[in-house]
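A.B. asks: Here are the chains, one letter per residue:
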Amino acid sequence: MRNFALFLLILFLIAALLRVDFFFTIVYLLFTVYLLSRLWTQRTGTCLQVERSYTDRAFPGDQVPVDVMIQNTGWLPIPWLEVHESLPVELIAPPFHRQVVTLNPREQHRLRYTLNCRQRGYYAVGPMTMQTGDLLGIARRIQMRIAPEHIIVYPQVVPLQQLGLPTHSPQVALPAQSPLFEDPARIMGVRDYQRGDSPRRIHWTATASVGRLLVKQYQPAIARETLICLDLDRGDYAQRQQYVATELAIVVAASIARHIIVEEGLSVGLTTEARDPLLDSHTRFYLPPRSERAHLMNLLELLARVQITSAGSFTDLLRRESVNLPWGATLVIISGRESEALFDTLVHLRRTGLAVALILIQPSRPSTELRKRADLLGMPIHRLWRIKDLEAWQ
Amino acid sequence: MTRRGAWVENLFQPLTIAGMLGCIVLSLVDLIRLFAPSWNGTFLVVGCALAGLEAHYSYRLIRVKEIRGTDVTRFRAVEIAMLFVLLKAGSYIGDRWSDVLADVLIWPLDPLNTLLNPETVVAFILAFLSWSVSTQTVRDLERIGDPPPRGRGYIPPRDSIAHRFFSGGTLLLILAGITRIGIAALTNLSRPPVPGLVLNVLVYFLLGLAMLGQIHFTTSQRQWEAQKMTVATRLAGRWAGYSLVLISLAALVAFLLPTGYTIGLLDIVAAIIYTLGYVLTLLNLLLWFILSILLTPLALLFGREPPPRPSVPPPLKFPSPGMSTPGASGTAPTWLELLRSLLFWAAAVTMVTYVTRSYLRDHPELVDAFVSLRPIHALRNFLLALWRQLIGLAEVINERIPLRVSVRRTRTQSSDSPFRFFRLGALSPRERILYYYLSILRRASQLGLPRKRTQTPHEYDKALKDHLEQAQQEMTHLTQSFVEARYSRHTFDRRQDSQVRANWQQVKAALRALKRRAQTGSSNPSDRTSTD
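In order, the protein sequence lines correspond to chains A and B. Take the position in the first sequence, starting the count at 1, then add 618; the result is the number in the numbering used here. Take the position in the second sequence, starting the count at 1, then add 291; the result is the number in the numbering used here.
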């Protein structure tokens, strides 16, 4: 009703011209209605408080109840309020919740729904748009937008008893037979100083008590580090099974990571190039190998949100990130395609002292030459087509 | 349709429309009575209201029964004929039965003067208009929530109904106003205000507001239904309740605000200026009075007449009400009238300002169109240019004044320098060493051997030593001492100070000799020695 103000002005003009007192009362009546409607509507916008409460992390198959509390914090009632909550279609159908509510002063309204976490991902819960207005349609409607929050659905994790991944280092963390690596935190004993020993190793207390130079002997130790290299390059997967294959690759990566950290107590890292929905851009991820549970959760969060991309080169990624790894570390490469370039890179990585395992997801049949080359390399190559294949490792 | 919805559609809407139509016709009847006081127009008011009511139901009946084509025309013809008959019958209300019968008997003989007399024709036209307005309104009500048709010129049903309400309200005010003041007094702008309640106007606007609220609710509800939104069950009840509260509150405020004024807006402004002037005069007089009291003893001391005391100003006079309302303000004091008028104009100006501002804010296209008018555009450009000039001028003043002040301050300081008292002994040893070196720099600079900006102290030392044949070592010591004093945290004692002072004096003497040599053009070393 855009002309109400004009009508008011005309009425005031008539009242002023005719000088009938009661007409001014009528003008006041309409003006007060106009004023109150506008002020009331404007006030409503500042007196709304919205709070979503839900668990923001879930595993596939979980049902996450969401409780949205809309409260009128003001002293004026809100006669009507359109509430529209946008939700991801992967988690709920229909992907929106629409309601019209009315709130008395200090009253609150609860909106409840359940998210069915069927698929891994990083999803926005919201935004919630709200619209309200006056009772007579005089004032303009006002819209409010409540920023979205997010929920992470972790990828599916298949428990593995034994991976059978190759390694140069011992399966058990400590101690190691090879004296190449020593842990300075674990002193095994002392021995006489020999020429060439580092002065740092001198045990000064023992030297003082014995009267000759003694050096510390450390326990030889080595921790197996594993880096999972996940290929999410669109070009490395068959076009038909692209979605299924990349999802399976992510499940494999998550399962291996969980197994190494939880079952073996060893450290694992992850590197991949993928599209990040948070930044909405192509990003290179690198989580250095660590063995804490919290690290596993970080790793799963990352795997939850990464998406297939067209940019980047997987072999470049392998070469670049393997530089950071110590000698003897294991590289678990998850890809969808075996190629000449990939094998070249693998040979290079093996020469640098890294153990390499290749897991191929729904691969196409390799050429005879490639197969021969793989046999010559003598590296374990696992081929997976379904999640059940992964379970077969158990 | 819910039970509440049925009640609204079957009872509330038709009764409201009929009531509003009746209110307008009532004012029209009152106006006609000014010319024909003996005419009884009650039947017309009732007839028009009933026509509005009937139009509502007949329209809905046609829709429900799905009557189409010629059947609709036939239905409408019968309806209008019945309306005419009822109006004609209504016009006989209050007449004696024998007169009615006699009139009916004359109908076939002289139909133009009896059956279609002006009263009947006017009444029929008014009733038909009421019927037509009601039909259009109910059609609009039915259209609410329908998707808009393609093509331009579409007016949403809500706007159409609101427009009808506004037009009816304007017409009603004009009719009721003319009826109250009389046609003869229309051109008299200095006529007194007309007090009293105009019930039909109040009823019209209250019903109209209620109708607007209900239509807004229906529109919103149909939109929500179309979007398949879940609507709170108590929403309708609360909507009605809050609307009632809002309108009641507005009515309360409206009845509390002053409506009449006896002093015009310009008179009010003049009164305010006059009051301010009066207060200033009083203050002035008070000041003079205090001064005269203070000066009286002095005047008496010198044997003169004491200064005259200021006379008391005449009492404050408020502008007299030009148009007093009989009864209401006849006995009220002037200041009360002024206050009342002041309140009225304050409320009116606030209201007009707020409404105009809101209207322009809601219609930015109007502002744009206004600004784009050629004369307005030119005026705006001129004002903008003027503003820029003023801003530029202000910036120039802002820059130049501090500059001038600082220049003057510098000059003042430099003029002070010949008389400035500088005591070397008051400085610390470190400061003194710095002073010795800087003094040499200044003196060398005066001789045309200034230190370049890029030269370090040691580089400058090498450069200067070429000109100081007898104080080369001293200059080097002085430079080293300066560097130490400038960049180290060592403490310097009196002994070091005196050593540096000796070096400084040597170098100073060498420079003096150089100066003399430059002035005389002599290169005799004995001269140089003698000067030292």
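Honestly, the hints are just simulated from the structure, not real lab data. These figures come from a predicted structure and were not determined experimentally. Check before you lean on any hint, since a few could be wrong.
From the derived model, a few chain A residues whose C-beta atoms are all more than 10 angstroms from chain B [unchecked claim]:
(1) N734
(2) A824
(3) R1001
To spell it out: a stretch of chain B is covered by chain A in this simulated footprint if at least three of its residues, at any positions, have a beta carbon under 8 angstroms from a beta carbon of chain A; those stretches are [unchecked claim]:
(4) 426-432
(5) 523-530
Just so it is clear, CB atoms sit at the ideal spot from N, CA and C, and this is done for glycine as well.
A.B. asks: Does the no-contact call for A824(A) survive, Cβ to all of chain B over 10 angstroms?
C.D. replies: Check passes; 45 angstroms lies beyond 10 angstroms.
A.B. asks: Do three or more residues of the segment 523-530 of chain B come closer than 8 angstroms to chain A, measuring C-beta to C-beta?
C.D. replies: holds (count 5)
A.B. asks: Is the claim that R1001(A) lies outside the interface with chain B correct, judged by CB distances over 10 angstroms?
C.D. replies: The assertion about R1001(A) holds, with a minimum of 49 angstroms to chain B.
A.B. asks: Can the segment 426-432 of chain B be counted as covered by chain A under the rule of three residues or more with Cβ-Cβ separation shorter than 8 angstroms?
C.D. replies: violated (count 0)
A.B. asks: Was N734(A) rightly flagged as not at the interface, with every chain B Cβ beyond 10 angstroms?
C.D. replies: N734(A) clear of chain B: closest Cβ-Cβ about 20 angstroms, beyond 10 angstroms.
Consistency note: the structure conflicts with earlier hint 4 alone.
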